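Student: Counting the sequence shown from 1 gives a position; the numbering used here is that position plus 40.
Possibly wrong hints are sitting among the right ones.
Listed below are the simulated EDC-like cross-link pairs for lysine to aspartate or glutamate, each with C-alpha atoms no more than 16 Å apart in a straight line [stated by the list, open to error]:
| # | residue 1 | residue 2 |
| --- | --- | --- |
| 1 | 92 | 79 |
| 2 | 47 | 86 |
| 3 | 47 | 57 |
| 4 | 59 | 86 |
Here are the simulated distance ranges between beta carbons [stated by the list, open to error]:
| # | residue 1 | residue 2 | range |
| --- | --- | --- | --- |
| 5 | 112 | 78 | 29 to 35 Å |
| 6 | 48 | 108 | 27 to 33 Å |
| 7 | 77 | 57 | 29 to 35 Å |
| 8 | 94 | 48 | 27 to 33 Å |
| 9 | 107 | 47 | 15 to 21 Å |
| 10 | 73 | 46 | 15 to 21 Å |
| 11 | 101 | 76 | 14 to 20 Å |
| 12 | 102 | 59 | 30 to 36 Å |
| 13 | 73 | 112 | 29 to 35 Å |
No lab work stands behind these hints: they were computed from the structure. Predicted, not measured: the structure shown is a model, and the values here were computed from it. Yeah, the Cβ is synthetic: ideal placement off N, Cα and C, and Gly gets one too.
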Amino acid sequence: MAALDLKSDILYGHVSDSKKHQDILRFLKVLRRRYHRSERLYIVLDNFWPHKHERVRNWAAENNVEFVYTPNYKAYARTAQCNPHRGRLSRQSMSNHQDSQLHNVGDLPIYH
């Protein structure tokens, strides 16, 4: 999983053995702690069913987080492939360079 902070241009990453709603929640909770509670987080997600799990949606509603789901139709897929961050995400997730802007969310400071 990955999250791109558009303000700082920092890409946060997390590797998980599974893709269950519990894994999504764990990642989201760590992300939420990185920002002040008063700051609303907008998170873009695809329509993968764990993203829409009731526990995930309830947690978001209680934690000042809004999910924005990508459209399901094929025309969007072509647009997503042109996303300027897509190539960067792929390169950084596949490489292990020390100068990479890809950070493990557990290594970053927590804001309250």
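Student: Could you work out which of the previously given hints the structure breaks and list their numbers from low to high?
Tutor: Of the numbered hints given earlier, those the structure breaks are 1, 2, 3, 6, 12, listed in rising order.
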